[in-house]
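Spelled out from the first residue to the last, the chains are:
Number of protein chains: 2
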Amino acid sequence: MTSDTRGAAGLSSSTAVATSSRSAALTSLLGIRLPLIQAPLAGVQGSRLAIEVSRAGGLGSLPAALLNAETLRSELTALRDMGLPYQVNFFAHTPPAPDDARETRWRERLAPYYAEFGIDPATIQPGAVRQPFTEAIADLVEPFRPPVVSFHFGLPSPALVERVKRWGAVVLSSATTVDEARWLEAHGVDAVIAQGWEAGGHRGHFLSHDLTLQPGTMALLPQVVDAVKVPVIAAGGIVNAAGIRAALALGAHAVQLGTAFLMCDEATTSQAHRQVLRQPDRHHTTLTNLMTGRPARGIVNRLMREVGALNDVAPEFPNASTALGPLRAKAEAAGSGDFSPLWSGQNFAGLREIGAAALVAELAWAFDRADGAE
Amino acid sequence: MTSDTRGAAGLSSSTAVATSSRSAALTSLLGIRLPLIQAPLAGVQGSRLAIEVSRAGGLGSLPAALLNAETLRSELTALRDMGLPYQVNFFAHTPPAPDDARETRWRERLAPYYAEFGIDPATIQPGAVRQPFTEAIADLVEPFRPPVVSFHFGLPSPALVERVKRWGAVVLSSATTVDEARWLEAHGVDAVIAQGWEAGGHRGHFLSHDLTLQPGTMALLPQVVDAVKVPVIAAGGIVNAAGIRAALALGAHAVQLGTAFLMCDEATTSQAHRQVLRQPDRHHTTLTNLMTGRPARGIVNRLMREVGALNDVAPEFPNASTALGPLRAKAEAAGSGDFSPLWSGQNFAGLREIGAAALVAELAWAFDRADGAE
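From first to last, the protein sequence lines stand for chains A and B.
Under the numbering used here, the residue at position 229 of the first sequence is numbered 229, and the numbers go up by one with no gaps.
Under the numbering used here, the residue at position 47 of the second sequence is numbered 47, and the numbers go up by one with no gaps.
Do not rely on the hints blindly, as some may be mistaken.
Covered stretches of chain A, going by a simulated chain B footprint (3 or more residues, C-beta under 8 Å) [what the hints assert, rightly or not]: (1) 193–200; (2) 209–220; (3) 240–246.
No lab work stands behind these hints, which were simulated from the structure alone.
Since the structure is predicted, the reported quantities are computational estimates derived from the model, not experimental observations.
Virtual Cβ for every residue (Gly too), placed ideally from N, Cα, C.
With the hints as extra help, turn the sequences into a complete structure.
Structure representation (structure tokens):
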């Protein structure tokens, strides 16, 4: 960044110094060469993608919420054995009390689809697919000493956060508003992920469920940078070098890309999902609570069109997904994403179908001469 | 922009050339020194603000939709006499058929407020406050030969567009989706304004009323730049030099700022509106159709909270505003914006309370060394 002092309207020289030192602090803290984080993409990737990203100089991430104990252990083993920094990501929600009436209502709404696909809903066991971070999971994770632990939907209990920090782990979490960024800083995160409206997958909101509170990245990011003293990681709508440079211009100290990795060779993105991502002109994204019970951004599919993307008929997070499981499986087996969470950010044109390491190498040059990253 | 050719992931050298030539083409077309447009802000500014912006090297704009013939003529006279480029902006909607039932329902919903303020609703004459661009208005405007004419909500009839172009005017309009950008290019606009989710005031959508189709600026802008051959003006969430540099990094050929000018000395923004804008931490924006009948982004106020910001009880655009008029007047007289359209983009922290020319001068340095603007 220039030391030019004319910039009273947005970039003063004091801002420049602060930005620069927070950027350096963040890459040093994360132990990475490039201030580029691969967003944890629950359901469409494991350690294989993360390892490629970390080897290329970024921060690879393992989404843990959908993994059982055995898989989590083997994935963490693979990541530890790599010998490079990585991130493991957990949800920090409070599981809801069982609500039979709501589960019944949901299954009634899905009844025509069960009939269409010849599914007997009585065979579907209720229960949560996604687990929050708990003491038991901390017991499992602790021996691996993951260098970076991130949370979505706020943070777990202060005791659990303290425990993770005692391991020496860097702690991250997402903010969808300035208020959430301030809250996370006050509760001990080492850096805040500013998640803008454009971002795919679950919104990380936790202080309010009002969806209108989350601004677009262009508005949220600079306000978060101004509001907190910890480094800020930009997320939402960033898919290429141009987006990275834009985020850095807005004061980001690092960037987090998710959608950009969905088409990578190492991602386990389904064929149905990939097929839709290849047709940006024919599809658009919106927030839906149907897939899990919490609003998340995905490409509009048949279920969302017919039920309404945001509808209280879906049980609370994470229980909505259970009743959808067999529908999703049947549809995907036929190459259709009609009942699947087709997570994607709003910017999914021109996704690269290449190896993750090659993608990171291509993105790397955005940091060479960008304002704010020096 | 660098001639570096490593940037397959977003900024190739061929993109660089195209960007550069479209930028130069646009400033040349508009006759301005800085690729910076002051967004037309209907209801909160007239020629005085526009003249200051044009004198400082940007493109000042006059919003015409709320002006009667006499005022429009005197404002255009002031702008013409300035001897510099300016823009005059019109709405391109089709006025709805009268709908007494809906008007009645709206007044019934507002009845408790009329009672609270001692207003007799029988005294309120129905009718539209905002006029679309018509042959009659074209007759009035033609003698002034405005150098730039822009439209919101699409374009007027092909015959009217053709007429405006015969004057030698540059024609602009706003796109909220890639589809709308392509449509506008096919229908003869000289440049497209890519209006992202963050933008304040009326969304410019015209091909669909589905609000989820409009992406954030970070996602919309680069997709529009790729989709059309005409120059692209970025709008939505840009309030300072950092935002301008981000937009240029995303491929914008010029930027349009609205909210940034709301607190300028020359704006006629009400005291109630200014007071709310000074407290970004206490307020947020959302889309509402209550104020006019079409979704527009404004700061949440009492009417929006109590009626619901998006509610079909409000008559079609532009008729919703009529029944609100006396409520708004009474509330504003008491220093309150409870019933006023408090238009603002999502990024309204740190607005500058200075003269518009000084603001433009401060913003100008963003173009000095920015990627994409060279």
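Structure-based check of each hint:
Beta-carbon proximity to chain B at under 8 Å applies to 3 residues in the region 193–200 of chain A; the threshold of 3 is reached and the given coverage holds. Given a C-beta distance limit of less than 8 Å, the hint that chain B covers the region 209–220 of chain A holds, as 8 residues qualify and 3 suffice. Three residues within the 8 Å Cβ limit are the bar, and the region 240–246 of chain A against chain B gives 7, so the coverage statement holds.
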